[in-house]
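Peer 1: One-letter residues, chain by chain:
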Amino acid sequence: MEKSNIHEQTTSVKDLPQDLFLELRKYIDGLEDKKGSLINILHKAQELFGFLPREVQLFIAKELGIPGSQVFGVVSFYSYFTTKPTGKNTISLCMGTACFVKGADKVKFKIEEKLGVKFGETTPDGLFTLRDVRCVGACGLAPVVLVNEKVYGNVTENDVDRILGDYQE
Amino acid sequence: MSTNKRKILVCGGTGCISSDSEGIIKNLELELKNNGQEENAKVVKVGCFGFCGQGPIVKIEPDNVFYVRVSPNDAKDIVEQHIIGGNYVERILFVDPLSNQRIHDYKDMAFYAKQHRVALRNCGEIDPENIEDYIANRGYEALKKCITEYSRDEVINIIKESGLRGRGGGGFPTGLKWEITKKSRDGEQKYIICNADEGDPGAFMDRSILEGDAHSVIEAMAIGAYAMGAQNGVVYIRAEYPLAIHRLMIAMQQAKEKGFLGKNIFGTDFSFEIEIRYGAGAFVCGEETALIHSVEGHRGEPTVKPPFPSESGLKGQPTCVNNVETLANVPAIILNGAKWFADMGTEKSKGTKVFALAGKINNIGLVEVPMGTTLREIVYDIGGGILGGHKFKAVQTGGPSGGVITEADLDTPIDYESLKSIGSMMGSGGMIVMDETDCMVNIAKFYLEFTQDESCGKCTPCRVGTKRMYEILDRITKGQGKPEDIDNLLQLGDMIKSSALCGLGQTAPNPVLSTIKYFRDEYEDHINKHYCKTGKCKDLVKYAIDPEKCIGCTACARVCPVGCIAGEVKKVHVIDQEKCIKCGACFDACKFNAVVKP
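Top line first, the protein sequences correspond to chains S and A.
Position 140, counted from 1, in the first sequence is what our numbering calls 140; the numbers after and before it change by one each time, with no gaps.
Position 466, counted from 1, in the second sequence is what our numbering calls 1466; the numbers after and before it change by one each time, with no gaps.
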């Protein structure tokens, strides 16, 4: 983690939909061990809002009665959580050993080349967010690319156009 | 249901689902309906058969026919030719690479011949989303036996005598762990945690067990809870396994409905509840203290041991953390007896182990073999040898904590002690096979990049040490190696191993130390000669044109993105090394093998 400026790092978004906050509150209320379930709560929040802006983190902190810094500490520790808005589709490239040995880095360069952004970034048109993901356990199909929850196996550089095409409008 | 009703088992593991096994199921059900065959056969979605490289897999029972690489379009033939006609659909039978014969019985396949499925016993056999299937296969009988017939100490003794050791990589005797936890502050609140974080890249054993047979884990957790005096269990499962989470949730719900979870199980005063907690992409949370902190809602930073979790774990209470595969063995051990398990394996490593075989190997997938099977048997007999006719170079075991094993040690029997003695370790069971095109320096760098990224940052040896090691390796792969680099890596490695706070740091240097031990010449080539013989280190690759072979067709010059190839038509071309960006486009374009990597 190279970023050091907290304000730059965590997006602040005004006017987030109120009904999502209500749904999140309902989820939190249904939990017995609220503080212990922080990670489960953050997953739910990210599912609802798409990412975890400052406002959502502080909301959760208030609901749980813990400092905002503690929530932020957990959010910044785990790679699954993102504090920046994500694109319509998330492309996750598995960077596990089996995929690496089968040439995942070539697929990575190709995707970056085609979309003009690097992994960790979102395309300017907001269509794709690229992220590295830890081994998804589909090593029999290495190299593996996930777009949202769909798994593409045995992916080569030549497959990139076709895969991207499935989602381009 | 007619007793002659056939079962068409279709693999519903993540791998096969991504190759549209659900489409196969849909088409099979349609074909059965259209042909009026619903009384004669039913389609069952099952867990992983293990032969992932040949998926999607479809098996017909009781005929014992194993179809591979099936597509949804094959459903018609399967129903018409096989179910109705009684004839195998030859074209989707597995072809034995040696005899070139088509095989229908999986037991005749080299991949399966030496396997012995214990932890994976139900995967590929039962519908994981239907508890009745599990019950029909003696499901929850072990739990009933334990809580109605055996005392807590008797249960622990069975596990101790079986010799079962932690399958997550630590290899700690499970029975002993249960015993220590039982004795610790007995009567107080205790927890049993199932570690389903499976962070090792290249490992997918636990995923397959949870997707294919979650009940075996639930039952084992209940048995362990009874023995140790725990009232609550947690399954800590990584978020990257949505299907496993889904199947686990269904299994838990069904177990609860049947009364196998909850209050007064089997009418005794033993009550047990399980909760699911998600991981969020932190490899270090596979370490038990970090995992416990994560379950408490904190950053997953390990804490020093002692105190061990058995003394003070979740919320300060006695806690036992067990791996998925370790637990999956428990019901089978209870039902078949400790001796049955201890009769398999070697003197100190009993039972079987599941390995995830991947990389440059012909038969990719999940294999379960008795401990003591040699690496050679796994790579060549079960694995079918090296992909594409290449040459074996090394097999990496133990993930980012392990080391490489070369040809010289292939006859080592697999067990905890033997693998350690040759500089590697069992780890969780990931086994990556590498061939002569893999650069060992680059692989070491890859592992270190991973552990550096995943380091929690708490202790200096790991946080700073692995970073310094990574920087050295990075320089080496870019042709900026210095003569003292190898010695520095060795020294740093030893220092980090002996002073890091947790297992992540303590084992992070292993891939580097191991590759230096067995492939020192590659490191020396990179440093002294700026040469990477495999060409994987892009900065150390040089492309040149062999004047003997070049016919001046200009194909290379035309594709060169920086225009660094000079030459007239029909005259020998030359690459300007100063401008060359080593993309390899010329290498791919030349049809006369004139572009070489000297």
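Quick caveat, the hints were computed from the structure, so don't treat them as lab data.
Glycine residues also receive a C-beta, built at the ideal position from the N, C-alpha and C atoms.
Be careful, since some hints might not be right.
Said to hold, decoys possible - Which chain S residues stay away from chain A? Per the calculated CB distances, all over 12 Å, these:
1) 10
2) 16
3) 41
4) 103
5) 144
6) 164
Unchecked claim - Facing chain A, according to a computed beta carbon distance under 8 Å, are these residues of chain S, among others:
7) 35
8) 78
9) 83
10) 85
11) 140
12) 141
Peer 1: Does each hint hold? Answer for all of them.
Peer 2: Hint by hint, here is what the structure shows:
1. Taking the minimum C-beta to C-beta distance to chain A, about 16 Å, the non-interface status of residue 10 of chain S holds against the 12 Å cut.
2. Remark: the non-interface label on residue 16 of chain S is consistent with the geometry, its nearest Cβ contact in chain A lying 21 Å away (cut-off 12 Å).
3. A beta-carbon of chain A is positioned within 12 Å of the beta-carbon of residue 41 of chain S; the least distance is around 8 Å.
4. Interface exclusion of residue 103 of chain S from chain A breaks down, the closest Cβ pair being 10 Å apart, not more than 12 Å.
5. With 12 Å as the threshold on Cβ separation, the claim that residue 144 of chain S sits away from chain A is violated: the shortest Cβ distance comes to roughly 8 Å.
6. Residue-level check passed: residue 164 of chain S sits 17 Å from the nearest beta carbon of chain A, beyond 12 Å.
7. This hint holds: residue 35 of chain S has a C-beta 5 Å from the nearest C-beta of chain A, less than the 8 Å allowed.
8. Interface hint at residue 78 of chain S: satisfied, since its Cβ lies 3 Å from the closest Cβ of chain A, which is below the 8 Å cut-off.
9. The interface hint given for residue 83 of chain S is broken, as the beta carbon of that residue sits about 13 Å from the closest beta carbon of chain A, more than 8 Å.
10. This hint is violated: residue 85 of chain S has a C-beta 19 Å from the nearest C-beta of chain A, more than the 8 Å allowed.
11. A least Cβ separation of about 3 Å between residue 140 of chain S and chain A falls short of the 8 Å threshold, and the interface hint therefore holds.
12. Given hint, residue 141 of chain S at the interface with chain A, holds; its Cβ is 6 Å from that chain's nearest Cβ, closer than 8 Å.
In summary, the numbered hints that this structure violates are 3, 4, 5, 9, 10.
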